Amino acid sequence: MKVKVKLFATLREKHEKEMDLHLEEGATPSDILSALNILREEAAIIMVNGRHAKPDALLAENDTVALFPPVGGG
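Just so we're aligned, residue 13 is where the sequence shown starts under my numbering, counting upward by one.
Treat the hints as calculated values from the structure; they're not laboratory data.
Check before you lean on any hint, since a few could be wrong.
[Claimed, not checked] Once the Cα atoms are required to be at most 25 Å apart in a straight line, the calculated SDA-like pairs of lysine to any residue come out as: (1) Lys16 with Leu33; (2) Lys29 with Asn61; (3) Lys18 with Glu37; (4) Lys26 with Glu36; (5) Lys14 with Asn74; (6) Lys14 with Val60; (7) Lys14 with Leu35; (8) Lys29 with Thr40; (9) Lys29 with Leu45.
[Unchecked claim] Label pairs and their calculated CB-CB ranges: (10) Glu54 with Asp32: 19 to 27 Å; (11) Gly84 with Gly38: 30 to 38 Å; (12) Glu25 with Met59: 14 to 22 Å; (13) His27 with His64: 20 to 28 Å; (14) His27 with Asn61: 18 to 26 Å; (15) His34 with Gly84: 28 to 36 Å; (16) Ser46 with Thr22: 28 to 36 Å; (17) Lys29 with Ala72: 19 to 27 Å; (18) Gly38 with Lys18: 15 to 23 Å; (19) Pro82 with Lys29: 16 to 24 Å; (20) Gly84 with Lys14: 32 to 40 Å; (21) Lys16 with Pro82: 31 to 39 Å; (22) Gly84 with Met13: 12 to 20 Å; (23) Gly84 with Glu37: 30 to 38 Å.
In this text, all values refer to a predicted model and were calculated from it rather than measured experimentally.
For each residue, glycine too, the CB sits at the ideal point set by N, CA and C.
All chains should be modelled from the sequences, with the hints used to inform the complete structure.
Set out below in structure tokens:
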């Protein structure tokens, strides 16, 4: 299945900011992190189709997954 992946802030340093990935049926955001060599701690916020999602959420064809690093402020 094909999913669109969008990376934000520091996660863009080693990858494209937006890409299409082909994954096996039953894939999860954790599978995307593994495929891109991103540690779970580096992706503090996971959104699937604009909604907050857990790393083990099942993905579907044409989903859009957005990954954000931890956000700090001051």
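query = Given the proposed pairing of lysine 14 with asparagine 74, does the C-alpha separation stay at or below 25 Å?
reply = The given pair, whose Cα atoms are some 6 Å apart, holds under the 25 Å limit.
query = Between lysine 16 and proline 82, is the Cβ distance one that fits in 31 to 39 Å?
reply = This hint is violated: roughly 23 Å between Cβ atoms.
ask   = Does the hinted range 15 to 23 Å hold for glycine 38 and lysine 18 at CB?
value = holds (21 Å)
inquiry  = Holds or violated: lysine 14 and valine 60, Cα atoms, limit 25 Å.
reply    = holds (13 Å)
request  = Compare the distance between the alpha carbons of lysine 26 and glutamate 36 with 25 Å, and conclude whether the hinted pair is satisfied.
outcome  = holds (23 Å)
key: Agreement of lysine 29 and threonine 40 with the hint, judged by alpha carbon distance not exceeding 25 Å   = Holds - the C-alpha atoms of threonine 40 and lysine 29 are around 19 Å apart, at most 25 Å.
request  = Can you let me know if the beta-carbon spacing of proline 82 and lysine 29 is within 16 to 24 Å?
outcome  = Since the Cβ atoms of proline 82 and lysine 29 sit about 18 Å apart, the hinted range of 16 to 24 Å holds.
query = Honestly, do histidine 34 and glycine 84 meet the 28 to 36 Å range at C-beta?
reply = Taking Cβ atoms as reference, histidine 34 and glycine 84 lie about 34 Å apart, which means the hint holds.
inquiry  = Assuming the hint says 20 to 28 Å, is it satisfied by the Cβ distance from histidine 27 to histidine 64 or not?
reply    = holds (22 Å)
ask   = Okay, glutamate 25 versus methionine 59 on CB: inside 14 to 22 Å?
value = Cβ of glutamate 25 to Cβ of methionine 59: about 20 Å, so the range 14 to 22 Å holds.
query = Could one say that the CB atoms of glycine 84 and glycine 38 fall in the range 30 to 38 Å?
reply = Check passed, 34 Å falls within 30 to 38 Å.
ask   = Is it true that glycine 84 and lysine 14 lie within 32 to 40 Å of each other by Cβ?
value = holds (33 Å)
Of the numbered hints listed earlier, those contradicted by the structure are 16, 21, 22.
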